[in-house]
Amino acid sequence: MKRIAAALLLLLILGATLVLCTSRYHYAFQDRDAIMAPSTAQHWTGTDELGRDRTVRVAAALLLGLTGAAAAAAVTTLIAALIGLLAAFSPQWAAALLMFVSDAFLTLPWLFLLMMVRSQLPLTAAPLETAVMTFLILAALGWPACARAIYRGALELRSAEWMIQGRASGLKTHQLIRLHILPHLRPLLLPQFLICVPAFLVAEANLGALGLGVGEPIPSWGAMLLELDNSALLARSLWVYLPIVLLAIVLLILEFFTNEVDADA
Amino acid sequence: MSLLLAIAKRAGRTLLLLLFAAGGTILLVRFAPGFFSDSREMDAKYAQAARAEIQAENNQQQSAGRIAIQEVKSWFSGDFGQSRQYHVPVAQLIGARVRVSALLLAQGLWRGWLLAICAALPISALRRGALLWRLPFTLLLSIPTAAMATACILADTGGPVLVLTLLIAAREFHFLRRLLEGAWRSPHLLQGRAQGMTSRALVTFHIVPNIAPQLCALTTLSIVTALGALVPIEVIFTVPGVGQLAWSAVMNRDLPVLVAVSLLMACVVGFAGMLTTRTVTLEAAG
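Chains as they are written, first to last, in the numbering used here: chain C, 1 to 265; chain U, 266 to 551.
Be a bit skeptical, because a hint or two may be false.
Here are some of the chain C residues that sit facing chain U, going by a computed Cβ distance under 8 Å [unchecked claim]:
no.	residue
1	L82
2	V117
3	L251
Rather than coming from a laboratory, the hints here were simulated on the basis of the structure.
Every residue, glycine too, gets a C-beta built ideally from N, C-alpha and C.
Bound-form chain C, shown alone (with noise of 0.2 Å):
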């Protein structure tokens, strides 16, 4: 089952580079006399309202979407690890401490939190800086969950025994963290970094659709699912809901192999 989702998800992939390569238009480009058009020879699935390829734009909205999720999945989680293993190898108060402030970050729902940083930074950058933002922004506030679980299961392999008997040897702390904890921890990271890709291409998708995403023309999921607003597009052509059911795919994709590989560890 595992290998079936990564080679689904895989397939898509390619097929979506595969899309962006072949493809003469660019994810930008208007044409003029193609404005929502609806599935021709040359444009495969239509065309949006400003006569844009909807095949082009939603390859790169997928592309765009997986690599920013992945990228902000493996910074909150390397955050995640560094503040769980500081809180769990420094004295009680700084580890309480450490707690508080992710406590903190849970205090308010994830996706009021979000909304919020986001739209006290700049709404009117460019294209590139909107996307690099909110992925920095998913990647800044996602950590503490993930640093809870972290902090756990380093308290628990740090008073095993073997762990006595390396700093009996004459182990340093960060001998031992690098040789011993690390490892043992890699069955706890690799879930946190996998539940993290799909709750941020969510996250994205959701903040896009209130208006705080990735700026146009980039393409994302969140600002396809803006294009659903305009009825007169929805009239013309099912395409329009390509990104939807795409966007529901990936995820379930997602879904099914983090389930796997959660089962695994």
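Go by the hints and put chain U onto chain C.
Structure of chain U alone, referenced to chain C:
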């Protein structure tokens, strides 16, 4: 006595977290670009010198410390300050919307949990084919709230309650199923089955009491999930609730409203967490 001390400690921590949330919100908005924008600065009748004075006055009046003091004063006066965009007391603004959001939350949570329990109980007991039955919930989990809400509007079916119900049901179903699957496999339950106890008796007398503490913790998670989902749902369905107010406040940098909404959300999450801890402590003691 120890229980009282634990509750007092937890309450103190929650209070500290609330202050942290309020302070964080003030700092965030205070340093956001555009916070100092004043409509008078755009007015041509003011000379350059007058505009500079306005700006200096704003800078002086809106230092983070001064804003924090003003905010605390407004909490004690009970009106939570004046909204920058609507020019009415924040308490009045929120008061009218809390009822709408609370009703939506209550309906969504209640129906979502009911749906999740009704589905998770039989599916967790299945030995084969569970994957297929789990599929609708996994699919629901894979659709962003905003997309679900938009799809409902396009299909002209359902409304905010349905979206919230489906979201809660999808999230809780997976947690519940795992909990129940673990419970069904426990040795005392196998023995109970072998002795001929009915499924209903097993659920009532063995499973529910065993998983009750985890269910309480899940309830808190549900509330947090629902509060987060309130914003896109209320914005997309144009429901005049707290979520929509929060969105409008963040877009317009309406600091008093934003601080009040943050406090309200943090209060709900904090006290739900406290209630869960207390219930779990009492059950453990019992």
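The hints, checked one at a time:
Interface hint at C/L82: violated, since its Cβ lies 21 Å from the closest Cβ of chain U, which is beyond the 8 Å cut-off. This hint holds: C/V117 has a C-beta 7 Å from the nearest C-beta of chain U, less than the 8 Å allowed. At its closest, the beta carbon of C/L251 sits 4 Å from a beta carbon of chain U; the interface hint therefore holds under the 8 Å criterion.
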